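So the sequences go chain by chain: V and Y. Note that this note's numbering has the first sequence beginning at 12, numbered continuously upward. Note that this note's numbering has the second sequence beginning at 33, numbered continuously upward.
By construction, these hints were calculated from the structure, which means they are not laboratory data. One or more hints might be untrue.
Claimed, not checked - Lysine to any residue pairs mimicking SDA-like chemistry, simulated, CA-CA at most 25 Å apart:
#1 Y/182 - V/285
#2 V/226 - V/195
#3 V/226 - V/270
#4 V/289 - Y/118
#5 V/289 - Y/77
#6 V/289 - Y/130
#7 V/289 - Y/53
#8 V/289 - V/27
#9 V/289 - Y/79
#10 V/289 - Y/45
#11 V/289 - Y/182
#12 V/289 - Y/42
#13 V/289 - V/173
#14 V/289 - Y/101
#15 V/289 - Y/112
#16 V/289 - Y/109
#17 V/289 - Y/69
#18 V/289 - Y/163
#19 Y/182 - V/26
#20 V/289 - Y/43
#21 V/289 - Y/148
#22 V/289 - Y/123
#23 V/289 - Y/146
#24 V/289 - Y/57
#25 V/289 - V/277
#26 V/289 - Y/63
#27 V/289 - Y/181
#28 V/289 - Y/73
#29 V/289 - Y/167
#30 V/289 - Y/103
#31 V/289 - Y/131
#32 V/289 - Y/119
#33 V/289 - Y/180
#34 V/289 - Y/50
#35 V/226 - V/285
#36 V/289 - Y/137
#37 V/289 - Y/141
#38 V/226 - V/102
#39 V/289 - Y/80
#40 V/289 - V/267
Just so you know, these numbers come straight off a predicted model, no measurement behind them.
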Amino acid sequence: MALVGFFAALFALMLFGLPVFIAFLVVNLGGLVLLIGPRGFGLFANSVVDSITTSAFAAIPLFLLMGEILFRSGSVEVLFDSVDRLIGGLRGRLYLVVVALSTVFGALSGSAVAVAALLGRSVLPTMTARGYAPGLSSGVILAGASLAPIIPPSLLAIIVGSLAEVSIAGLLIAGILPGLLLAVLMVVWVGVSIWRNPGLAPQEDNGKTAREGGKALALLRMTPFLLIIFSVMGLIVLGIATPSESAATGVVGAILVAAIYRRLSWPMLRDALASAAKISAMILIIVAASRLFSQLLAFTGATRALVAWSAGLDLDPMVMFALMMLVPFVICMFVDQVAFLLMAVPLYGPLVAALGFDPIWFWTLFLINLTLGSVTPPFGYTLFALAGAAPQLGTGQVFRAGLPVIALFVLGLLILALWPGLVTWLPGQF
Amino acid sequence: MTALARLTDWLARALFWLAMVALAAIVAVTCFEVLLRYLFDAPTHWAADSVGYLLAASIMLALPEVTRQRGHVAISFLAERMPNLAPVLALVAALVSLATAWIIGEETARQAARLVLTQGAAPIPKAWITGAAALGIGLSGLVFLTQMWKPSKGSG
Numbered sequence: 012m013a014l015v016g017f018f019a020a021l022f023a024l025m026l027f028g029l030p031v032f033i034a035f036l037v038v039n040l041g042g043l044v045l046l047i048g049p050r051g052f053g054l055f056a057n058s059v060v061d062s063i064t065t066s067a068f069a070a071i072p073l074f075l076l077m078g079e080i081l082f083r084s085g086s087v088e089v090l091f092d093s094v095d096r097l098i099g100g101l102r103g104r105l106y107l108v109v110v111a112l113s114t115v116f117g118a119l120s121g122s123a124v125a126v127a128a129l130l131g132r133s134v135l136p137t138m139t140a141r142g143y144a145p146g147l148s149s150g151v152i153l154a155g156a157s158l159a160p161i162i163p164p165s166l167l168a169i170i171v172g173s174l175a176e177v178s179i180a181g182l183l184i185a186g187i188l189p190g191l192l193l194a195v196l197m198v199v200w201v202g203v204s205i206w207r208n209p210g211l212a213p214q215e216d217n218g219k220t221a222r223e224g225g226k227a228l229a230l231l232r233m234t235p236f237l238l239i240i241f242s243v244m245g246l247i248v249l250g251i252a253t254p255s256e257s258a259a260t261g262v263v264g265a266i267l268v269a270a271i272y273r274r275l276s277w278p279m280l281r282d283a284l285a286s287a288a289k290i291s292a293m294i295l296i297i298v299a300a301s302r303l304f305s306q307l308l309a310f311t312g313a314t315r316a317l318v319a320w321s322a323g324l325d326l327d328p329m330v331m332f333a334l335m336m337l338v339p340f341v342i343c344m345f346v347d348q349v350a351f352l353l354m355a356v357p358l359y360g361p362l363v364a365a366l367g368f369d370p371i372w373f374w375t376l377f378l379i380n381l382t383l384g385s386v387t388p389p390f391g392y393t394l395f396a397l398a399g400a401a402p403q404l405g406t407g408q409v410f411r412a413g414l415p416v417i418a419l420f421v422l423g424l425l426i427l428a429l430w431p432g433l434v435t436w437l438p439g440q441f
Numbered sequence: 033m034t035a036l037a038r039l040t041d042w043l044a045r046a047l048f049w050l051a052m053v054a055l056a057a058i059v060a061v062t063c064f065e066v067l068l069r070y071l072f073d074a075p076t077h078w079a080a081d082s083v084g085y086l087l088a089a090s091i092m093l094a095l096p097e098v099t100r101q102r103g104h105v106a107i108s109f110l111a112e113r114m115p116n117l118a119p120v121l122a123l124v125a126a127l128v129s130l131a132t133a134w135i136i137g138e139e140t141a142r143q144a145a146r147l148v149l150t151q152g153a154a155p156i157p158k159a160w161i162t163g164a165a166a167l168g169i170g171l172s173g174l175v176f177l178t179q180m181w182k183p184s185k186g187s188g
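Bound-form chain V, shown alone (with noise of 0.2 Å):
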């Protein structure tokens, strides 16, 4: 009961348009005075400290600020370009460097609503303008744009990492093996709807006018960012670096890749600074605000009892599992991904543990699902992004081009829980 009165008012709040983190602060303080009286205040002040404080956390600011510094810098242009010379010479090609930029960068700007906007700015109007068809763009674009919490570094998997107690490094490389994978279905996606339809992709791209030269140009240009790689990937498999610690190593290699492209200068560096700090406030105010709520809920026992509930329904696991993964896909419909993650951590954690999944398996699994409800209309928020940045489209073409994209994460997930091994065995190898 008390478990639905507070899930109930948190909803509520939030549909009203109350900023996540009051709604959070609003049900946890109300919590607070009913079960524990004033004298529970001091928790709560100390559970805010104590969020802001945990170190693990340092990650997402500096991973937000490496992206911001790459984005602003124009780096990402260069890669975009090098990236469109390599390709070059195979028609619809712009739709496989959409795919490309999207699995090298996946988190780079922090979650996929970003990425859809910035390409949506960016990308989509060079490929309209060329005659790509704007649904496939779309498309691709927000498929794209969805790998950024898979593909690491991601946010939401140090969020996941630090509120489920797993290995936050074992997620990170985690998502390498299923982000690839999905990013070879997308490829797969678009060659078949090109080759179903010609007419999707320009005529004048089919070779004739894609830049033959300069492969090798495009590749020694794109060196620099393999700096970006190991700065981040590099050390934490070297075990150099914890994930937080290569956060800040990659701010440093994304410094020394922008003076390298001679696009290094103080403004841009304060942009980068003051954007990464807004956008990084906004997420861990919502998970300072939040911290307490899986505690109240273990307080007034509802967490065990649910656990004890789902164990009496006696459902197969595989049934549980598809279960667990179906409330996600719902809600993030329409709440944020950072605010439902917050809400659900504490829920499933204990589920976790008690059907015997593989954490890092299920947690990789449903931070794939966070993604495909944001990109679900009527209200996924990475739709909205994307409707946001591209006006010319219209709302409705951007959830028509969203629905494949939906089919092709749903393939991607039952190849996932079909074959484990391709989420766990790349994090048991280290």
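Guided by the hints, dock chain Y onto chain V, whose structure is given.
Same frame as chain V, now just chain Y:
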């Protein structure tokens, strides 16, 4: 109210600069620690704790500016269809923020009176962190209050 809005705007911007400095300091401290540990085999005892303190400063001092720019995550589809709701939401957000700041402020005073230190290898007075949280949320509350009379998007 205009005077309050001007004051809160100025304070929010000033604190935001400090938040940016704190973020830059996190990068510097973390890289310094990695260098010392792996190149000179001489890890510091204070870097990990300092990153936590700087993170707290960065989040809480940036909060009023995020509020000023109306940048908080919210589900806006209902509010967009009911524009009259905006001042009510701003008032509720202001009251909740100010009440939260009051609660955290009281805890700050208690910690300061008892000289409570943070736990860890490099302890500092806990009231510094708790106080920054009270300041950030309290100033955000005042910014929310001024937004009751400013229905349009913030100037950014």
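Consistency of the hints with the structure:
1. Y/182 - V/285: Holds: residue 182 of chain Y and residue 285 of chain V sit about 24 Å apart, inside 25 Å.
2. V/226 - V/195: holds (22 Å)
3. V/226 - V/270: holds (23 Å)
4. V/289 - Y/118: The hint holds at about 22 Å.
5. V/289 - Y/77: Given that 25 Å is the threshold and the Cα spacing comes to 29 Å, the pair is violated.
6. V/289 - Y/130: holds (21 Å)
7. V/289 - Y/53: Holds, because 13 Å separates the two Cα atoms, which is no more than 25 Å.
8. V/289 - V/27: holds (24 Å)
9. V/289 - Y/79: holds (24 Å)
10. V/289 - Y/45: With Cα atoms ~12 Å apart, residue 289 of chain V and residue 45 of chain Y stay inside 25 Å; holds.
11. V/289 - Y/182: holds (21 Å)
12. V/289 - Y/42: Holds, because 16 Å separates the two Cα atoms, which is no more than 25 Å.
13. V/289 - V/173: holds (21 Å)
14. V/289 - Y/101: holds (10 Å)
15. V/289 - Y/112: Answer holds: residue 289 of chain V to residue 112 of chain Y is near 23 Å, not above 25 Å.
16. V/289 - Y/109: holds (23 Å)
17. V/289 - Y/69: Not satisfied, since the Cα-Cα distance of roughly 31 Å exceeds 25 Å.
18. V/289 - Y/163: holds (20 Å)
19. Y/182 - V/26: Distance ~22 Å between residue 182 of chain Y and residue 26 of chain V Cα, so the pair holds.
20. V/289 - Y/43: holds (16 Å)
21. V/289 - Y/148: violated (30 Å)
22. V/289 - Y/123: holds (23 Å)
23. V/289 - Y/146: Violated, at about 34 Å.
24. V/289 - Y/57: OK: residue 289 of chain V and residue 57 of chain Y at ~16 Å, within 25 Å.
25. V/289 - V/277: Given pair residue 289 of chain V, residue 277 of chain V holds - Cα atoms ~18 Å apart, limit 25 Å.
26. V/289 - Y/63: holds (22 Å)
27. V/289 - Y/181: holds (24 Å)
28. V/289 - Y/73: violated (35 Å)
29. V/289 - Y/167: holds (17 Å)
30. V/289 - Y/103: Holds: residue 289 of chain V and residue 103 of chain Y sit about 8 Å apart, inside 25 Å.
31. V/289 - Y/131: Cα-Cα ~23 Å, so holds.
32. V/289 - Y/119: holds (23 Å)
33. V/289 - Y/180: holds (22 Å)
34. V/289 - Y/50: Distance of about 12 Å is within 25 Å: holds.
35. V/226 - V/285: Violated. Residue 226 of chain V to residue 285 of chain V sits at ~36 Å, over the 25 Å cutoff.
36. V/289 - Y/137: holds (23 Å)
37. V/289 - Y/141: violated (28 Å)
38. V/226 - V/102: holds (17 Å)
39. V/289 - Y/80: holds (23 Å)
40. V/289 - V/267: With a Cα-Cα distance of about 23 Å, the restraint between residue 289 of chain V and residue 267 of chain V holds, given a limit of 25 Å.
Hints 5, 17, 21, 23, 28, 35, 37 from the list above are not met by this structure, while the remaining hints are.
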